[in-house]
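Visitor: Note that the protein sequences, when read in sequence, are chains A and B.
Residue numbering for the first sequence follows this note's numbering, beginning at 1171 and increasing consecutively.
Residue numbering for the second sequence follows this note's numbering, beginning at 527 and increasing consecutively.
Treat the hints as calculated values from the structure; they're not laboratory data.
Ideal Cβ positions, reconstructed from N, Cα and C, are used throughout, including at glycine.
Some hints could be false.
Claimed, not checked - A few chain B positions that, by computed beta-carbon distances, are all more than 12 angstroms from chain A:
| id | residue |
| --- | --- |
| 1 | T549 |
| 2 | D639 |
| 3 | L732 |
| 4 | E751 |
| 5 | I799 |
| 6 | L834 |
Said to hold, decoys possible - Quick partial rundown of chain A residues pointing at chain B, CB under 7 angstroms, derived from the structure:
| id | residue |
| --- | --- |
| 7 | D1381 |
| 8 | D1478 |
| 9 | P1479 |
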Amino acid sequence: MIRIIAVKLLQAVPVILIISILAFLLLSLLPGDPAVIIAGEQASPAAIAHVREQLGLDRPYVEQIAIWLFNLAHGNFGASLILNQSVLSAVGERLPVTLSLAALSLSFTIPTGVFLGSLAACYRRRWIDAAVMTIALLGVSVPAFWVAILGVVLFSVRLGWVPSSGFVPLSKGIGPWFASMVLPALILSLFQIGFLARMTRAAMLDVLSQDYIRTARAKGMSEWQTVGKHALRNALIMIITTAGILLSAAIGGSVIIEQVFALPGIGRMVVQAIMARDYPLVQGTMLILGFAFVIINLFADVLYSLADPRVRHE
Amino acid sequence: MAEPLLSIRNLQVQFRAEAGWVTAVDDVSLEVGERDCVGIVGESGSGKSVTALSILKLHDPATTRMPCGTIQYQGADLLRAGGAALRRIRGGEIAMIFQDPMSSLNPVLTIADQIGETLRRHQGLTEAAARKRVVELLALVRISDAARRADDYPHRLSGGMRQRVMIAMAIACRPRLLIADEPTTALDVTVQAQVLELLRELRRELGMSVILITHDLGVIAEFAERVVVMYAGRVVEQAPVDDLFRRPVHPYTMGLIDAVPKLDGDAARLTMIPGRIPGPQEDIPGCRFNPRCALAQASCRVAPPSMLALNALQSARCPPRVAALGAQHG
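Chain A extracted, bound-state conformation (with noise of 0.2 angstroms):
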């Protein structure tokens, strides 16, 4: 185990690399003079060359790479133009709020997506399995700023049972934490139960087609135990796939419920850096999701083997 956890790790630089990389290419493809686009369109000749030196801009690019390089691995990612703090205190500021609408929303899809995949996949071409797949298809396919405002409606508006926006830190009680994240956790989770009940439904009509079911059942097993132990242990690889899959896409694509919701999170964040052509900010947000996309995949490896034995083994 703690050997494929380091294999894992060693094969994660050379990607974190490129990451960094591309990450620093960012500012190098923009139209126009960087230095130009960061002091703003009225800026002296003299602040621009001032933000050119200050970027390192007029340095030979191999250089610039280096410097970016040196500059990350001492934890400098460089600072906001419009938020007045480095970015990786913003980013650090904003990821607990994507981090916990992210969990959240993940501890109400994975147990329902997997079982609504699961009772689909039993219960295939009978009324259930319509039933879920129709309740999938109008989740992966009604846009979530339409149910989040529906929802804002019917349970901030009308019933009063959460606030209606805005965000509640843990550190202020569990309580409050849950009644500001509950409705757009649910909003967004709505997206991944359909897709992930369908993943799941495929994963578990693949298994329950295997030979060694067949045997489950010539054993005497329950249903019971036919599907939620022998095969359902078989589908595992496949639903952590796209659980790892689910929780990249919320922690990098929740702009609209951050948005719906006015939660300070990422998204949201990202958007508001674009918007005012905040590169260092973007940059900077561009190379910590990435670094979060490398880990969560790294977390997902390790599920495999402890999924898998034929994985573990290899």
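Please arrange chain B on chain A, whose structure you already have, making use of the hints.
Guide: Frame of chain A; chain B shown alone:
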């Protein structure tokens, strides 16, 4: 013969196809006595595995139906049994091993877990007691270093070892009937002989009845006491094994026996049955073998023949041959 252990009567099995239901097995009747060993032989597509799977109702209920027939086991009709009663019989009273030991074991569970859960299920053993019994069972099926092997996963074992594990799993609860569906087909020839020998010994030690399904007449000759020959979803002949080889009645059985290579003969004597086995959706009037049969008469193309007894032990689904042989022996 006393009350048979298992008695299949007029079994019909149909599968769902695009154009409605097709009949894969029709009018199959056979009996298995206590400590009996019945071989079912036929080409692929003859319905022998379909028949075997019906005994434990292992077909997918969404795509399979058994509109007529009964399978009597200890006074109950297995085809009408459901839920708990059926699960008590599966693995406990009647166990089954399958053709492909590579895919028949669950890849993510240990050997000990897969054999042990049968023991926990049917005999209510605790985890520890089940494990101890698993090691004994592995030793019984001649797996060396059984205690260590118990904790292995299937992908660490060879094909022959996996089939031994399947056998250990099947005999774990001392079933009264073992159904072995082509148990040696996927194995190397030398391993085949070992597995057959193991099955023979276990049958004697445990006193269980066996249904052995195979396409290999050599295996039948070595192992079975009585033989059921199937062709295109129907039983075409039933006989004690010696009688079948000495005096096959049905032309299909004769063809099968002629198609077995003989060590004393020359290669030119090796014959084959012309044509191919019809699919279940093909409509053949009369006897389903008649297009391939050298002895076919006009009457063979009219009405589907029924099983006719030549004597108390041997019967065949071929009226002309039964009549001819019956006259000969008077």
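Visitor: For each hint, tell me whether it holds in the structure or not.
Guide: Consistency of the hints with the structure:
Its beta-carbon lying about 22 angstroms from the closest one in chain A, T549/B satisfies the requirement of being farther than 12 angstroms from that chain. The Cβ of D639/B does not lie farther than 12 angstroms from every Cβ of chain A; its closest approach is about 9 angstroms, which violates its non-interface assignment. The claim that L732/B lies off the interface holds: its Cβ sits roughly 17 angstroms from the closest Cβ of chain A, which is beyond the 12 angstroms cut-off. At the 12 angstroms boundary, the C-beta of E751/B stays outside the reach of chain A, the nearest C-beta of that chain being 24 angstroms off.
Look at I799/B: its CB is around 30 angstroms from the nearest CB on chain A, clear of 12 angstroms, so calling it non-interface holds up. The claim that L834/B lies off the interface holds: its Cβ sits roughly 35 angstroms from the closest Cβ of chain A, which is beyond the 12 angstroms cut-off. Annotation: interface hint on D1381/A holds; nearest CB of chain B at approximately 4 angstroms, less than 7 angstroms. Below 7 angstroms, beta-carbon pairs count as interface contacts, and D1478/A has one with chain B at about 6 angstroms; its hint therefore holds.
Restraint check, P1479/A versus chain B: the minimum CB separation of about 4 angstroms is within 7 angstroms; hint holds.
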